[in-house]
Amino acid sequence: MINGIIKLFYSEIVKTKMKSMPSSDYTYREECREIRNMTLKLDSVFLKITKLLLAIIILYISFNIEILFGMGMLLVELTYLIYKIKLEAQVRESIENIKNNIEMPKIPTIDERGKSGLNVLVTLLIIGLLTGFNAIIIATFIIVFIFTINNIYSNIK
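Add 87 to the 1-based position in the sequence shown for this note's numbering, that's all there is to it.
Derived from the structure by calculation, the hints contain no laboratory data. It is possible that some hints are incorrect.
With a Cα cut of at most 27 Å, we get these calculated DSSO-like pairs of lysine-lysine [to be verified]:
(1) 135 / 173
(2) 138 / 171
(3) 171 / 135
(4) 202 / 186
(5) 202 / 102
(6) 138 / 173
(7) 104 / 94
(8) 104 / 202
(9) 128 / 186
(10) 106 / 173
(11) 138 / 128
(12) 186 / 171
(13) 94 / 202
(14) 94 / 106
(15) 128 / 173
(16) 128 / 171
Pairwise CB distance ranges, derived in the manner of DEER restraints [to be verified]:
(17) 153 / 126: 37 to 47 Å
(18) 90 / 203: 17 to 27 Å
(19) 234 / 125: 53 to 63 Å
(20) 186 / 158: 39 to 49 Å
Quick caveat: nothing in here was measured; it's all calculated off a predicted structure. Glycine included, each C-beta is placed from N, C-alpha and C at the ideal position.
Please work from the sequences and hints to get the whole structure.
This is the structure we're talking about:
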């Protein structure tokens, strides 16, 4: 039972220490970033070359079937190319608009002091229930806990 209590306190200390660690993203080393960018560019170029070869093969087959059919296929491919370019521009513009219009309202719910207070109250309540403290002490902890939750809830509204 003592081991459980020690483990509980230890886990609360670890949680507190982890919260104080910086929450920023990890950064790549410069070499890894360059390699990643290079592979993305190669994949993009390879995909574009594959699409171009597929379009040329389709045009070749369609011109071999009939010249009129080949001309129609050429017009369809050109129309698709123009549509794709315009669509890409619209998507990029929409993404920029979304990036600029995002507002993240920050609702002050609870600060670190309040979180640590809640952790202490819950820990004391669990210890009180497990060790069989006096019922009046446990009832006091429960009342304080309820008022703390009520205070937090009223701050959210």
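Each hint, compared with the structure:
1. With a C-alpha separation of about 17 Å, the suggested pairing of residue 135 with residue 173 holds against the 27 Å cut-off.
2. About 13 Å separates the Cα atoms of residue 138 and residue 171, which keeps this hinted pair within 27 Å; it holds.
3. For the given pair, residue 171 sits about 13 Å from residue 135 by alpha-carbon distance, which is consistent with the 27 Å threshold.
4. With a CA separation close to 32 Å, the supplied pair residue 202 and residue 186 exceeds the 27 Å bound.
5. Distance hint between residue 202 and residue 102 is fulfilled; the C-alpha atoms sit about 11 Å from each other, no more than 27 Å.
6. For the hint pairing residue 138 with residue 173, the CA-to-CA distance comes to about 18 Å; that is within 27 Å, so the pair holds.
7. Distance check on the hinted pair: residue 104 and residue 94 sit about 15 Å apart at the alpha-carbon level, within 27 Å; holds.
8. For the hint linking residue 104 to residue 202, the alpha-carbon distance of about 13 Å falls within 27 Å, and the restraint holds.
9. Our distance criterion of 27 Å between C-alpha atoms is met by residue 128 and residue 186, whose separation comes to about 24 Å.
10. Among the hinted pairs, residue 106 with residue 173 is inconsistent with the structure: their alpha-carbon atoms are about 46 Å apart, more than 27 Å.
11. Taking the CA atoms of residue 138 and residue 128, the gap is near 15 Å; set against the 27 Å cutoff, the hint holds.
12. A distance of roughly 22 Å separates the Cα atoms of residue 186 and residue 171; the hinted pair therefore holds under the 27 Å criterion.
13. Of the supplied pair hints, the one linking residue 94 and residue 202 holds, its CA atoms being roughly 19 Å apart against a limit of 27 Å.
14. For the proposed pair residue 94 and residue 106, the alpha carbon gap of about 18 Å is at most 27 Å, so the pair holds.
15. At most 27 Å may separate the alpha-carbon atoms for a hinted pair to count; residue 128 and residue 173 meet this at roughly 21 Å.
16. A C-alpha spacing of about 19 Å is found between residue 128 and residue 171, which places the hinted pair at or below 27 Å, so the restraint holds.
17. For residue 153 paired with residue 126, a C-beta distance near 42 Å keeps the hint of 37 to 47 Å intact.
18. Taken as a hint, the range 17 to 27 Å holds for the pair residue 90 and residue 203, whose Cβ atoms sit roughly 23 Å apart.
19. Roughly 59 Å separates the CB atoms of residue 234 and residue 125, a value that falls within the hinted 53 to 63 Å.
20. Between residue 186 and residue 158 the Cβ separation comes to about 43 Å, which falls inside the hinted range of 39 to 49 Å.
Taken one by one, the earlier hints fail for this structure at numbers 4, 10, listed in ascending order.
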